[in-house]
Structure formats: C-alpha cells, structure tokens
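Visitor: Chains A and B supply the protein sequences, listed in that same order.
Letter 121 of the first sequence, counting from 1, is numbered 121 in the numbering used here, and no numbers are missing.
Remember, the numbering used here sits 303 above the position in the second sequence when you count from 1.
If you're looking for bench data, these hints aren't it; they were derived computationally from the structure.
All figures in this text were calculated on a predicted structure; none of them were measured in a lab.
Beta carbons are placed, not taken as given, at the ideal position from N, Cα and C, and that holds for glycine.
Heads up, some of the hints might be wrong.
[Stated by the list, open to error] The calculated lysine-lysine pairs, modelled on DSS-like cross-linking and capped at a C-alpha distance of 30 Å, are:
hint	chain 1	residue 1	chain 2	residue 2
1	B	Lys372	A	Lys2
2	A	Lys143	A	Lys202
3	A	Lys141	A	Lys63
4	A	Lys76	B	Lys325
5	A	Lys2	B	Lys370
6	A	Lys76	A	Lys89
7	B	Lys348	A	Lys125
8	B	Lys379	A	Lys163
9	B	Lys321	A	Lys2
10	B	Lys370	A	Lys92
11	A	Lys63	B	Lys307
[Stated by the list, open to error] According to the in silico footprint, chain B covers these stretches of chain A (three or more CB under 8 Å from chain B):
hint	region
12	30-43
13	58-69
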Amino acid sequence: MKIYDLIILGGGPAGITAAIYAARKKLDFLVITLDIGGQAAWSGDIENYTGYQFITGPDLALKFQEHIDAFGIAVKMPERAVDIYKEGKLIKINTDLAEYCAKTAIIATGKRPRPLNVPGEAEFKNKGVTYCATCDGPVYKGKNVLVVGGGNSALDAAIQLAKICPQVHVVNMTEALTADSVMIEALNSFPNVTVHNDTMVKTIYGEAFAAGAILKKYGKEEDIRVEGVFIEIGLIPNSNFVSRLQTNEHNEIVVDCNNNTSIPGIFAAGDVTNVAEKQIIIACGEGSKACLAATAYLVRNKW
Amino acid sequence: MNIKVFSTQTCPYCHMAKDYLKAKNMPFVDVDVSSDAQGLEEMRKVSGQMGVPVIVIDNQVIVGFNKPKIDALINK
Numbered sequence: 001m002k003i004y005d006l007i008i009l010g011g012g013p014a015g016i017t018a019a020i021y022a023a024r025k026k027l028d029f030l031v032i033t034l035d036i037g038g039q040a041a042w043s044g045d046i047e048n049y050t051g052y053q054f055i056t057g058p059d060l061a062l063k064f065q066e067h068i069d070a071f072g073i074a075v076k077m078p079e080r081a082v083d084i085y086k087e088g089k090l091i092k093i094n095t096d097l098a099e100y101c102a103k104t105a106i107i108a109t110g111k112r113p114r115p116l117n118v119p120g121e122a123e124f125k126n127k128g129v130t131y132c133a134t135c136d137g138p139v140y141k142g143k144n145v146l147v148v149g150g151g152n153s154a155l156d157a158a159i160q161l162a163k164i165c166p167q168v169h170v171v172n173m174t175e176a177l178t179a180d181s182v183m184i185e186a187l188n189s190f191p192n193v194t195v196h197n198d199t200m201v202k203t204i205y206g207e208a209f210a211a212g213a214i215l216k217k218y219g220k221e222e223d224i225r226v227e228g229v230f231i232e233i234g235l236i237p238n239s240n241f242v243s244r245l246q247t248n249e250h251n252e253i254v255v256d257c258n259n260n261t262s263i264p265g266i267f268a269a270g271d272v273t274n275v276a277e278k279q280i281i282i283a284c285g286e287g288s289k290a291c292l293a294a295t296a297y298l299v300r301n302k303w
Numbered sequence: 304m305n306i307k308v309f310s311t312q313t314c315p316y317c318h319m320a321k322d323y324l325k326a327k328n329m330p331f332v333d334v335d336v337s338s339d340a341q342g343l344e345e346m347r348k349v350s351g352q353m354g355v356p357v358i359v360i361d362n363q364v365i366v367g368f369n370k371p372k373i374d375a376l377i378n379k
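Take the sequences, apply the hints, and build the full model.
Guide: What follows is the structure in structure tokens.
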C-alpha cells in the first residue's frame, strides 16, 4: 500500500488551508472529503474574512476550489472516513471506499447540522426535510414551510423563506426565541411568519415527499401542513469515526495549541476540535498550524 | 450526449458542478428550479427527491455534485 506523507480529512476552510500549505511544502499528500467548502459553502453572507469586505459562502467555496486547482491538489470526493488509527509508526485510514496509509494525518472534518431525531426526519430527508436554507430554500418558493429552531441560524433561514413562501412556521422548543434581537425584529416584520414557542416537532409525515408535521405544545397536538421542514438546531462535530482519539463532552477532538491529538502523528484542526470559537478564519489558521505541525513531525521522525 | 443540470442560484455545489462540466467542454441545459416550476416537478420525478443539484446524463440521474459518477458517464 502506498504510504503518503500526509492525508487530510475534510475539505472545508481548515482542510483546504492545510492542503495549500502541504502543496507548498511539496508533501506527497491527499485530501479525502465529502465536499469542498464545508460549512462555509452554505454560509450566507460573510463579512469578517480578511481581504473580502463581502463574499457569499458559495463564492468563497468556489475560491477554495480555484485555490486547490491552482496547486493541482489530489482530492478524493465524495469519500467518507470511517476509521483512523495508528499501526506502528503509520496512520491507517479506512473510508467507505478504500484503505489508506500515511505518516501523518490531519482531521478537519468540521461539523454538521444536528438532527432532530423524530420519526419521518430520515425518511423525508431531501424530500421536504432539509438542513440548508441557503442551498434548498429557493426550491420551496411558493410553498408553506416550517423552520425548527429559535437561534440566529433558524431565524436567518425563516427570514430568507418568508420572502418567497406564503406561510412560514417557526417551531422553537424554548419559551422565547434565543436569536439576537435584531434578527427577531427582522422576523417580526413579516406578516406571514407564525412563531410557535414552547413547542416540539413530534413527527414529520407525508407520502413520497413530506406533507406536514405534528407539533406538540403543552401536551396538545397540532397538525401543520407544510412541504418543507428546515431543521436549524445547531451543529455536531463529524467525529464519530475517531473513537480512538480523546474527545471532550461535546464530542470535539481535543487538541493542544500545536494541533496535536492524543495520538502522535494525528493532528486535527477547525470546528471538529475543541478550539475556542468556530469561525472560518480561525479554521483556516488552525489548518495552516496543523500542516506546519505535521511537517515538523515528519522532519523530527526522519522519514 | 444529453446533459441537464437542475440547480438553484444559491447552491454552491450547483455552481461547482456546472463549472466542472464547462471545464470538461460538456454542453448542458441548465434548469433553475427556483424559477421554473415545471423544471422542479421534472426534477422531483426523475430523482425522487428535492435536493439540488441533480445532473441527468443520457437518462442517468446523479444527485449531488459527484465528480467520479459524472466522469464515469461522460467518459463512456
């Protein structure tokens, strides 16, 4: 089996930045990812990424793609890591498609939307149930929709949808919306939005596609006819496959300030780690640090 | 070869898929399902789902920007 210098898992800001550094270090390396851009690709407007006063998430993802192409970086996509472990000096990575071997690895698999875990959610995924208003919102133009969540991302989704949908329901499990007041004011300016506080989604139902949801409020059930259900209740780290590494109570991979994980030679960067603050620019910086740390590790171990 | 891409303007993977086909010099018909209700209905029918992009190459349906699957069909 070929032994790479480095394998990078993930194609978001952290993984792509690590890859650019690895290309410039002339390492023999590979990127394994499900997509390019990661969470950045489905961010709305980005106004805090140095050098761009304004760029949309999709445009930034395209810039990442251009940057990868300019260096001719090898990317395996879509491919999902299922296990990573150390065997002697080497790191073994199993994916859903193949097995790989490397001297070092950087895990930069980011976070994914938190599922609601209610009946019908998995069945109607992409058939009415979605986790990305930026991507899928326009498909639901003219249809009644439901947004689950009460934070900023939920309200951002609800506001985008309120502009194109006749009726938007916001279902929030707490007694009041938790988004910033400026977002709540913006939401309240739409007459076609109904907020259901203290409410849970019990089930999502339909036939070939989602047709509605049963809500539960103080023990009372309400049937809401909607064709789209947007789930915006936060994020969880993509760390299920790293069972052999130390993680914290949020399932984030624990790293030190040099991006070392609990296994020497395996580094981690960005939102999948316990790094303080999850931001695109921080993930980029962490990806760069992780690659430099991996390079130093390669030199130290005299490969 | 007959290629159709069902997309929206805001979906990053739609842009990537279309850029990829352009780079490969593969002409395609672009259907914006956010403004074309008939196109949306067609996409639902052929793919059985509502996520974009959907790429149809000679009646073979690919959901999402899946480069290896696109390559396998256009290099046939």
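Visitor: For which of the previously enumerated hints does the structure constitute a violation, in increasing order of number?
Guide: 8 and 9
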